[in-house]
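Quick one: dock chain against chain with the hints and give me the complex.
Heads up: the protein sequence lines correspond to chains A and B, in order. Numbering-wise (our numbering), the first sequence opens with residue 1 and increments by one. Numbering-wise (our numbering), the second sequence opens with residue 1 and increments by one.
The set of hints was computed from the structure by calculation and includes no laboratory data. Keep in mind that this is a model prediction, so the values were computed, not measured. We put the beta carbon where it would ideally sit given N, CA and C, even for glycine.
With beta-carbon atoms standing in for the labels, derived distance ranges: (1) Thr92(A) - Tyr77(B): 41 to 49 angstroms; (2) Ser98(A) - Glu69(B): 34 to 42 angstroms; (3) Glu37(A) - Met339(B): 46 to 54 angstroms.
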Amino acid sequence: MSEREVLELLRENARYDTADIARMTDLEESEVEAAIEALEAVGVIRGYQPVVDWDRLEDERVRAEVELNVTLDRETGYDDIAERLARFPQVTALRLVSGDYDFDMEVEGDSIREVSQFISEKVAPVPEITQTVTHYIMTSYKEQGIELGDGEDDDRLSVSP
Amino acid sequence: MTLEPADRVQAVGPSGIRRFFEIAEERDDVISLGVGEPDFSTPWAARDAAIQSLEHGRTSYTANRGMRELREAISTYVADRFALEYGADEEILVTAGASEAVDLAFRAFVDPGEKVAIAQPSYISYEPGVIFAGGEVVPVPTDEADDFRLTVDALEDAGAADAELLVLCYPNNPTGAVMSRADLEPIAEFVRDNDLAVLSDEIYAELTFDDDFDSNHGGSAKHTSIATLPSMRERTIVFNGFSKAHAMTGLRLGYALGPAEAIAAMNRIHQYGMLSAPTTAQYAALEALDSCADDVATMVSQYDRRRRFVLSRFREIGMPCFEAKGAFYVFPEVPDGWMANEFAEELLHEEGVAVVPGDVFGVGGEGHLRVSYATGLEELREALARIERFVAEHA
Ligand SMILES: Cc1ncc(COP(=O)(O)O)c(C=O)c1O
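Excised from the complex, chain B in its bound form (with noise of 0.2 angstroms):
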């Protein structure tokens, strides 16, 4: 065959994930605790931002790097919320998602054979992105008795010392751990002292829960981006974007963070692969940057009585869980004697609750289920009344 796909395809199989949502869309009385997107919709003001610039024609190619009104937004945004000090003319790329940002990122610098340490449980898009890079996986597993937090025993036993890159993913998508700036501060130790460079994914930055964080240190969010501490800037790519936090998901923007060499050479795969993220999306993440930041306090608040829902109910319920303080997940062990996809594939069948194995995310997932809670309260309630149930039958 003439199409025969790269070896580098072929190395990685469909996503662990994509079975789960077969059998899911099967029936129609399912209530999915599985999705990785927010329930609710985009703000108004930023939907009438996108249909406005559409009204208005604005539906050509803008600068290859993202708009510069946006790109400017974003620095002041970042400044303000995260410390984040990044110029808007050299500093920032604005892409088709962060998963555009991360997809490029791997390809500008990691060169075939080279390593990437991923802290694991990870979101399921890092693997694959360094295998199609040509790179190798170094995977550093992070451990319940830690509350998922990365170590750097972790990074020594596996071997990260010999990597190129550490990817990061805080607060984590699919175990809710966030790092403080306490967590950090060794990682980035070790960081310095092994010569690696980071790629931090911040996309739920925004969605940090912890009320007694001390990790202000000059941002008005709760989140600590590694990228500020001491020399972490010159070696780290922060990305972020407006999926979680902005419920845009559908709209496709997200932006890179980082030195301007290390933009400029994203930029240069970005600017033949993509030209320029969409216009109508950057529009409408420019309103969201300058005028929904009421919207997304409101949307963090009801997330956040939900996790405070979902932790409490998996306790009643017997199934232990570490306090997850971000993104909108939270990872409950399954009960003994259980094999973490054999739990979800029951629980699916006999009671129609969608939750995704944790074995999906990689090494230490094993054991758990990423449970979603950007899902109404409703639907929660009658979720968990289901597992109560099912995890009763069984025991």
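Just chain A, same shape as in the assembly (with noise of 0.2 angstroms):
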């Protein structure tokens, strides 16, 4: 149970440092940290990221969602497939998904060109991949649960009853 909350509290903001995890929590920051351990262990938890709005950014950063459609044979599943495609460094997300289309892959590149490029290049040309639907990302207004915007004010009295 108090590994789930220390969870909860990393992905809230990895960088609280572990005594701040123990004060919130009530546990002994050696227990914080044993859970944070045994998290990582295990594979629970795979890494640490900032949030970035690249809108924010002067370099150029281009991201896009792609559709993937699949055919399947006796030889090749969908885990062989997935395996093929998250090799490529482009590739920053990849899930198999319900619905219209098989999986949903981002991919981010320095220029449109590049982008565009590594899809029909290295994607489409993959034997199992029927059609591919790229979806460039113009704007991004919450990533990770967190919101991008210019963020509110606190309009609240400074001092209230």
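See below:
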């Protein structure tokens, strides 16, 4: 149960230090450290990354969501196709989904040209892939649960009853 | 002058909070832990219901007592959560904030010169409310040694036996104290023995964090209402509302629960003074009860984490603080040699952290600060780091 709480707090902010998490959960700092180590060891926690609002960065960053349809045969399953696609560094997320298409893939690159080329030259030719539909991300409003707007100002009275 | 304020009005000075508000407003680098208001926004479903009610033009007065559907929803909610059984027809009054309900109760039940005992430190509106109604305040101090819970000894010492009414507020603003069923039993006995009536402000009832409480007694929440104790229902008015747990302060919606005749007396004033509570807010409140329990639960768990964080930091800083278990305030002691208001004022000047000195909440509050944790964790961290620095520099 405490592992779950620690996980929730890290998801809220992976930079909370262990002392703060201990204060918030009434655990000992050593217990928090142990919980984090355990979560990392069993592979529940796979890494720590900042939530980035690319629109605020000078450098261009192009991101796309790609819908993929695939056909399977006796030799090739979803996992095989996924494994092949996930190896590309351009692919930042890959999920098997239910509905009108099979995979939901996120791709990143420095330009539209780079991303388009990647999809047409590396992804589309994969024999099992029957169709790709690419959606370029124009503006991101929320990432990983964090809203990317200007941040609402606190308009409460500074002192109130 | 013809518009000479009545003596009752002149007897009440500006609130002690006002001064800190003014100092804090002068600067723009202030982190405020002086707010008695959630930092969460109103659950979206409730806002949406308010918008829809406007879109459909549902903007006329409702029944004086509030929309029937809302009263029914309140009736079900308080029964499920707090084991409070009140009928929608005659025992519930929907008001413009718990504030209006509190004011109505003083005006409905206090005759000029009658005494009203108030467990203090307490929310700042009770005392003026009693004075505006022509009553006389009997402060009943609570003590840090008892974790700011009310005791029968304090009631006796203060002469509360002669009062008509006793005002309770648990979970408490400003201390964060809560009262368990076992704590309330002797108080109820005193109330019955001395034939008092009770006004119980339970607006922070959802914000009760004590994991060890044994006081569910039929309700799903940890909070116990004094009205659920034997023979207390007929002599108690319970106040609650949507400001705190549902983060709806500006929508101004609260309610009173009580025996039919008492509610009728309050409604007699309400129907002339207010007619009915804001209609848009009533739609929002109905939705809040229907579908926002998860939002409330999420906010409550966030408050609980912040509470633990803040308590732990005050202990590290060396400012003793009892284990506040309700509302969203902690009530640490100021270091030796300080008056609460001096400490609060210097802290605001030097470090830009606003807190409220405990003495503005009445007897028993001197030497303490009310620190609200209805503020994001990042600000709390920074504010406590500044308080730590301030205390270290003045040690
Ligand atoms: C104890 C207590 N009662 C009542 C209120 C006012 O509530 P409402 O917004 O419902 O009028 C407050 C607000 O701070 C409070 O702390």
